[in-house]
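Peer 1: Chains as they are written, first to last, in the numbering used here: chain A, 1 to 592; chain B, 1001 to 1336.
These are computed hints drawn from the structure, not numbers from a lab. Errors might be hidden in some of the hints.
Just a sample of chain A residues kept apart from chain B, beta carbon distances all over 10 angstroms, derived [said to hold, decoys possible]:
(1) H125
(2) D169
(3) A211
(4) S224
(5) T241
(6) Q260
(7) K274
(8) E275
(9) A277
(10) E349
(11) T445
(12) R451
(13) R563
Computed from the model, here is a short list of chain B residues facing chain A with C-beta under 10 angstroms [unchecked claim]:
(14) A1045
(15) F1067
(16) A1142
(17) M1154
(18) L1297
All figures in this text were calculated on a predicted structure; none of them were measured in a lab. Note that beta-carbon positions come from the ideal geometry of N, C-alpha and C, so glycine has one too.
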Amino acid sequence: MSKSATNKIAAIAIICLVVGAGAGYFFGISSAPGAPGPGVTTATEGGALQAKITESKTLRVGTTLSTFALSFDPAMNYAQDPEQGIARAVYDTLIQMNGNSYGVYYPNLATDYEVSSDGLQYTFHMRQGVKFVSGNPVTAKAAEYSYWRLMKLNLAPAWLFTQCLNVNDTNSVKALDDYTLQFNLEKPFPPFLAILSQMNGGVMDPADVEAHGGVSQASVEYYSEHSGQANSGPYILDHWTRDVELVLKKNPNYWGGPDQKQPWFDTIIFKIMKEPADQNMLLQRGDIDIAYNLTPDMWKELMNNPQMTMDQIRKDMYFYMVMNVAKPDSPFRNLKVRQAVKQALNRNELIKLAHGYAAPVASPMVSNYLGWDPSLLTSPYSSYNPDNSKKLLQEAGYPNGFKTSILISDVTDTGILYRDLAALVKQELAAVGIDAEINAYAAATATKMFRAAQFDGLAIFSWGVDYTDSQNTADINWKLNGVIVHRSSGTTPDDFTGANYASMDGGQFIHETDKLCDQAVATTDAATRDALYKQAGKLDDQYGAIYYFFQPFGYYVSRSYVRGQYPPNPGDRLSALYGYELKNMWKDIDMM
Amino acid sequence: MRLIEYIATRLLFLIPTLLGLILLTFVISHMVPAQPAYLYLGEHATPEMVADLNHKWGFDQPLYIQFYKYVFAFFQGDFGISTYTGHPIIEDLELYFPATIELATGAMILSMILGVLFGVISAVKRNSLIDYFVRTVSLIGASMPVYWIALLAMAVVYLRLGIVSPGRLSMDVAAPTHITGLYLVDSLLTGNFVVFQDALLHLVMPSFVLCSWIIAPIVRQTRSDMLDSLGQEYTLAAKAKGLPQRTVVWKHALRNALIPSVTIIGISFGTLLAGAVITETIFYWPGIGSYMLHSTLTVDFGAIVGGTAIIGIVYTLINLVVDVLYGIIDPRIRVG
C-alpha cells in the first residue's frame, strides 16, 4: 500500500475519534461546495482538456427507485419517475409526449398516425430504416409482437392496454404490412395515445425476446435488469443491481431519433442512494452530477448556490383522505359529517409539512390536467371553517363529536411522513370534537387493509397517476368501479349506492360522476372533457367522501454544468412522470 | 472430549437451532396481514390475477405445508425465489452478504484493537486523566445514535475534507471480479492493488462508526478484568521477579483478563451483522441490512427467512469460534 493511502487511513482514524469534538466547529463554517472529489489527477493543459471531455461523457445520478420499481421490462414496469425516464431512454415508443403540453404527441418510431372518426381505429405508419441493437429492423410486426406479449403476460401494466383492447380478438393489434400497425379499440378511448407514449408502449425485438424465453416469465426476469439487444433507444440497459446501481450504456446502433441526434453520454450511472443526506453531500462534492431525492430543506439550502441548477416540478400525484362509508353505522354516511370533516381541516396549515413545496388541491385533477379547478380551493363545502364544521356535526346528531381512527402507512412519501400528516389531521379534527386514533402499519399491511376497505374511519394515502390523462384519475375516484371508491365504500359499489344509501346526499352522486366520466371519455374534444371533469369535481367536493390535501413537488438539483434536462422553457414542463429526457442532456465542459 | 468432537457436536446442534429460527421467522413473517402479490401486480390487479400469482408462489397452501416445503428446499441450499428481485435468494445473499461481512469484520477488528487497547490503558492508568478521557469517549460513542455519528463523520471526513466518499469504492473505481464478494479479498486474489487500496480506504470510516457502537462494553469489560488481573498474586509475582511493566501487563495480566472480553466481542459480531442496516444505509453500503429492509417492506417472505437464517448461522458459528478461542487464550480451560 502506498504511503499516502496509509496516511489517509491514519487521518480518517484520527478524525473519526475527534469527530464529536470538532463537529460544532465544522458545522459552523459555511460550506464550500464545488471542490473536486478525490482522485482528480493533475495533467498538462491538453491532457486536462481531454480528461474533462472523457469525464463529461459520464453522467452520475444519485437516486432512489420507488418500491414499485420491480422491473424494466415494458411488460412488467409499473413505475414512476425516475424509472419511466430511464426506461424511455432505452425503449423507443411509437409516439412521444410533448413535454410542454398534455395531449400533444410527436413522432418517434411512427412518422404519423390516423384516428378514425368513431375513435375506434388507430393506424400508425412506422419509420423505415430503424434498427434494434441486434441489427434487426424495427417493424410493425415487432410492435405487434411487443403489445401482444404485454397483454398475454397479463402482469401489472397489462390493464393499461386491455381496458380498451380485446385480448381475445386478434384484430385488436395487427400489423397490416411491415410498416403499418393498426389498433382496433373496443370503445373510444382518447387516453390511448398517452399510454402508447410511456415506456409500456416500448417496442422490443421479437428475435431477441424469443431467444430469452419469449412470452414467458423467464423473459420478464431477463429484461427486468437488462435490455439485451431488444431495444432501439439511445441507451442500452447494461445492468441493474438492485440497491446498488443501474447503468446505461450508449447504444452503438442508435438511429438518432426523429431529430437525428446522438446522445452525449457514453455511460449514465444511477447510484441507488436511499439517504437524501448522501445525495446532498455527494452532489456538493461533485461526485454525482444530479441528486434526485433531496428534501425540501436541502433544496432550500442549495437554492442560492451558483454551482447548482435547481429544478422543481409538481409531481403527478396527490395526498388524500378517504372516509369509510361501507359500514351501516358509519357516521360518514351522513353528508353533514363528511362536510364537517372537510371543513375542520386547514389545507394551508397542513401544506406546511411540505415546507411550502407543494400545491394545494381540492380535487383529484391536479394542476394542468383537464378538469383542474382551482375555484374548488375556496369551495364552501370543503374550505376550512371550524365553526361551521361544529354546527354541521351538531345538525348531524354529533354535538359532542365522535371517535374514529386514521389508517396510515408508516413511511415517508415524497418527503412527507404520513405520521406527521395524520398527527396534524388528528389535531384539527380534535378542535371540532372528533377524536381520531392514528393506526400506523407497515406499508404492505396498511396497503392491504386499505385496498380491502378494512378500516373503520379514515385513511390517508397518496395516488400517483398511471398515465398522463385525466381519465385515469377521474375513473379511479368517480367511477362506480373506481378503486378509490371501493376503498371508501367496500368491495362492491352497492355498499355505497344500494337501496339504503341511494340519495344524492348519500352515494347517488357517484352514479352522476360515473356518467360524466363516461361522457368525458367518449369525446376527444379537450374543452368538453375539461368541463365534464370539472362538473364531476364539483359533485365530489359537495357530496364526496374524499378530502384532497396537496400535490407535492419534486426537487431535482444538478451541478450547473449539466445541461439539456429541460424543454426550452422549464416552466412549461408539465409532467414529472416522464423524468428527464436523458438523450438530450450533456455536460458543458467550460463550466466543469 | 477432543476438540474436534466438541466442534462436531456443536455443529450438529446448529440444525435444531436453525430449524427453530426458521420456524419463528417463517411464522412471524407469514402472520403479517400483507399480500406481496398486490405489490407485484400493482393497484389494478384483479382478484383472479392475485389468486393466480399466490398459487404460483404457493401462498395459497396451508402454512404448515409451505413451511415443510421451505425447510426441505432450504436444507438443499434452495432458499426460494425473491419476489422482489426475481432471483434465487441464495444468489441475492451471495451478492449482498459479503458487503456486510466485510463491514462487520472491519468494525470488529477496530473494536478489538481499540477496545482492548483503551481498556488496558484505562486500567493501568486508573483514575488518571487518560482513564477518564478514554471512558468518556467510549461512553459518548455508545450513547450517540449510530446514524448521528455516521452523518457527522460523513460531514467532516467527506464533505469538508474530501478524504473519502461513502460507498464501497470511489465512483470511478470498478468493482473487482466477483470471487468471494469481499472486495479486499477479491482485489488481492486478482492482484488489483488499486482496488484493494480504494476498498480499504472506504472501509475505514463506516467501520469506525460501527465500532463506536460496540466499543464501550469492550473497553469497560477489559478495564474491569485488567484491574482484577493486575491485583492478582501471579501479577505481583511477575512484578516481584523484576519483569518489565510491558511484559507484566500485556503477557501476564491481559491474557487472563481477555476471556470475558472475547465473549463480548463474539456477541458483538452478531450484533454488528444484524444491526448494520443504519450504517449501510447512510454509507451507501449495499449489504444484507439494506437487502432485508427492502425485503421486509415488500413482504418478500423467502428473502426475510433466508436472510435471517444466514445471519443466524454466522452468529452461531461465531459463538463456536469464541468457545474454541477460550481454550487457546487460557490453556486451563479445556472443552469437555
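Peer 1: Is the nearest CB of chain B more than 10 angstroms from the CB of R451(A)?
Peer 2: violated (7 angstroms)
Peer 1: Measuring Cβ to Cβ, find out whether D169(A) lies farther than 10 angstroms from everything in chain B.
Peer 2: holds (19 angstroms)
Peer 1: R563(A) clear of chain B by more than 10 angstroms, beta carbon to beta carbon?
Peer 2: holds (20 angstroms)
Peer 1: Regarding the assertion that T445(A) does not contact chain B, is the least Cβ-Cβ distance greater than 10 angstroms?
Peer 2: violated (5 angstroms)
Peer 1: Grab the minimum beta-carbon distance between S224(A) and chain B and tell me whether it stays above 10 angstroms.
Peer 2: violated (6 angstroms)
Peer 1: With 10 angstroms as the threshold, tell me whether Q260(A) passes as away from chain B on beta-carbon distances.
Peer 2: Check passes; 32 angstroms lies beyond 10 angstroms.
Peer 1: For the hint on A1045(B), just tell me whether its beta-carbon gets within less than 10 angstroms of chain A.
Peer 2: holds (7 angstroms)
Peer 1: At 10 angstroms, judged by beta carbons, does E275(A) keep clear of chain B as stated?
Peer 2: violated (5 angstroms)
Peer 1: Check the non-interface label on A211(A): least C-beta distance to chain B beyond 10 angstroms or not.
Peer 2: Its Cβ never comes within 10 angstroms of chain B, the nearest being 19 angstroms, so this holds.
Peer 1: Going by Cβ atoms only, is A1142(B) closer than 10 angstroms to chain A?
Peer 2: violated (12 angstroms)
Peer 1: Would you settle whether the hint for M1154(B) is holds or violated, based on the nearest Cβ-Cβ distance to chain A being less than 10 angstroms?
Peer 2: holds (6 angstroms)
Peer 1: Since H125(A) was said not to touch the interface, does its Cβ keep a gap of more than 10 angstroms from each Cβ of chain B?
Peer 2: holds (31 angstroms)
Consistency note: the structure conflicts with the earlier hints numbered 4, 5, 7, 8, 9, 11, 12, 15 and 16.
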